[in-house]
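J.: Chain by chain, the residues:
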Amino acid sequence: MGAHLLVDFGSTYTKITAVDIDKECIIGTSKAMTTVKTNVLEGLDLALEKLKVSYPDMPEITGVSACSSAAGGLKMAAIGLVEELTVEAAKRACLGAGALVNYVFSHHLSRKEIKQLRNADIDIILLAGGTDGGNKECILHNAKKLRDANLGIPIIVAGNKDAADEIEEMFEDSGQEFYIVDNVMPKLKKLQVKEAKEVIRQIFITKIIEAKGIKKAEEKTGEIIMPTPEAVLLAAELLAKGHEDEEGFGEIMVIDIGGATTDVHTIGEGFPKRSEVILKGLQEPFAKRTVEGDLGMRYSANALLSLVSPYEFKQYYEYDSDIESAARKRHENVDYLPDTAEELAFDKALARICCDYSMSRHVGHVEVVYTPLGNMYYQTGKDLSDINYVIGTGGVLINNEDAKEILKEVNKKSNKKLELRPTDPKILIDRRYILSAMGLLGQKYPKLALKLMKEHLV
Amino acid sequence: MKTVVIGVIGADVHAVGNKIIEHVLTEHGFNVVNIGVLSSQEDFINAAIETNAGAILVSSLYGHGEIDCKYMRENCQEAGLNHVKLYVGGNIVVGKQDFKEVETRFKKMGFDRVYPPGTNIEDAVKHLREDLGE
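From first to last, the protein sequence lines stand for chains A and S. Okay, so the first sequence: first residue is -17 according to the working numbering, each after it adds one. Okay, so the second sequence: first residue is 73 according to the working numbering, each after it adds one.
To be clear, the hints were calculated from the coordinates, so they are not data collected in a lab. One or more hints might be untrue.
Unchecked claim - With beta-carbon atoms standing in for the labels, derived distance ranges: (1) S/Ala87 to A/Ser92: 55 to 65 Å; (2) A/Ser288 to S/Pro189: 28 to 38 Å; (3) A/Lys395 to S/Thr176: 46 to 56 Å; (4) A/Phe253 to S/His155: 56 to 66 Å; (5) A/Gly232 to S/Thr176: 56 to 66 Å; (6) S/Pro188 to A/Pro354: 49 to 59 Å; (7) A/Arg100 to S/Pro189: 51 to 61 Å; (8) S/Lys142 to A/Pro354: 47 to 57 Å; (9) A/Phe253 to S/Gly135: 23 to 33 Å; (10) A/Gly232 to S/Ala87: 52 to 62 Å; (11) A/Asn357 to S/Lys91: 17 to 27 Å; (12) A/Gly232 to S/Glu150: 43 to 53 Å; (13) A/Thr188 to S/Lys179: 26 to 36 Å.
The C-beta atom is built at its ideal place from N, Cα and C for all residues, glycine as well.
Here chain A stands alone, though its shape is the one from the complex (with noise of 0.2 Å):
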């Protein structure tokens, strides 16, 4: 059957796997920078050279699957009535299927959202609002707004059912490019991504990765199935559901942090762990990702330490350097790559806030609630106290010796009690960066793809 390569368009550099599917194994990587502005073969023909000389005996190329998240990655504008409620779910949506959710409106859209719609550079609005039966005046007056500022941006409709009729005759009229999808929300607190994902992907293979132009890569690789978060987040539940016969992990996280964003990802219910908590808000997805736009190691460096104090910060870093001056650095030279044990450390040092941080926004947390028969607690989100692995993943937590002292920040803390966090989970680091590579594999030839994550992470 020979090998079958696994291609990831990054921002920067285009990483291509290759694997064995008869002799069930990982034959090699490489990378070369990602070539978007002129053709983006070349730098994917440049990776496929490398590898080919590191590994002369390798068999042949048989198959290829490719996801990408070159130019900036899948950019989106998230539309709903209440902010907790539809506007969370349509968040949630865009999350699922690997975009960025740069946008978040709630209520009527007002003209200066408009504007900065037309300003913006997004490649897809999700437009939600109302339970089905419930609200639809919101949503058919946000409809009204968007056809008439006439944006030219696909727009997923998935909010109340009630509303879908007017809203397809108000964009057909107008030439507006349209998909109405369930509402996903259609009950209250009630969450129904699904559908809304899918076609999330489909105007992403259809037409983001040609406007991106990537398009051309499609001659040699065959489609380019989906973006490349979406694909850590397939990779992360295969490995916690296992398949077959073969056994997985059961919940786990996936954290990767990177320059510009630091991802989550957990795959598990996380329902409460006792009888005096009470679940409140919107249901959580099973596969859940967060994204932290601000918490990053280069572009985001700047932003990041505006969230901790200089106190908080040396509690993290033991040198008297200039902290600001070593943020600015990274903002602005994205590339850089630390060369001093000041530096390093000063890297290290983001890396665990970005951690800590990060993991505060992705689980769950309790509320303490007095009543005449004694303590009860809230519960919104995730408990994840009984998390098993957590897998770091990205540049810096892959290349860095103390990435496992780094994920350490995802534990419980004294000073954090009422967040839902893990308790000593097992570390676990994608040395080899295949997680990506494993979530293409998976569509096919899932057993190999779990059997190779299961080796592979270490």
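Given chain A, work out where chain S should sit, using these hints.
T.: Coordinates of chain S only, in the frame set by chain A:
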């Protein structure tokens, strides 16, 4: 089908009556959105906005209802819910008090219907039909 939001307000965990109300109202043909016990005013209001409810039925049994319901009408107006009907019922005040006075106080707070302990839910059904129209 008319939609109503029901729930138990504040730090109150009395779940049995809440279930009975849901059952009876559903039997009578209402679309019942039950937000359950330990619910805040915000939970009621958000639910009513998304589901386009005609009425919010607040239950309270533990005596602190009066504090929990304070400014609920104003908060509804703030959220754009000008036409939603507000009902409240149960043991809604501390101790034994004259119900007439209690009713007057809650009506002044903007509640449309106020029920003493031991009310039949069918009475509320009748009122809902009057207030929301059939």
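J.: So, for every hint listed, does it hold in this structure?
T.: Okay, the hints, checked on the actual structure:
no. : hint                             : in the structure
1   : S/Ala87 to A/Ser92: 55 to 65 Å   : violated (41 Å)
2   : A/Ser288 to S/Pro189: 28 to 38 Å : violated (54 Å)
3   : A/Lys395 to S/Thr176: 46 to 56 Å : holds (51 Å)
4   : A/Phe253 to S/His155: 56 to 66 Å : violated (37 Å)
5   : A/Gly232 to S/Thr176: 56 to 66 Å : holds (58 Å)
6   : S/Pro188 to A/Pro354: 49 to 59 Å : violated (20 Å)
7   : A/Arg100 to S/Pro189: 51 to 61 Å : holds (57 Å)
8   : S/Lys142 to A/Pro354: 47 to 57 Å : violated (19 Å)
9   : A/Phe253 to S/Gly135: 23 to 33 Å : holds (31 Å)
10  : A/Gly232 to S/Ala87: 52 to 62 Å  : violated (32 Å)
11  : A/Asn357 to S/Lys91: 17 to 27 Å  : holds (23 Å)
12  : A/Gly232 to S/Glu150: 43 to 53 Å : holds (45 Å)
13  : A/Thr188 to S/Lys179: 26 to 36 Å : violated (59 Å)
The structure shown violates the earlier hints numbered 1, 2, 4, 6, 8, 10, 13.
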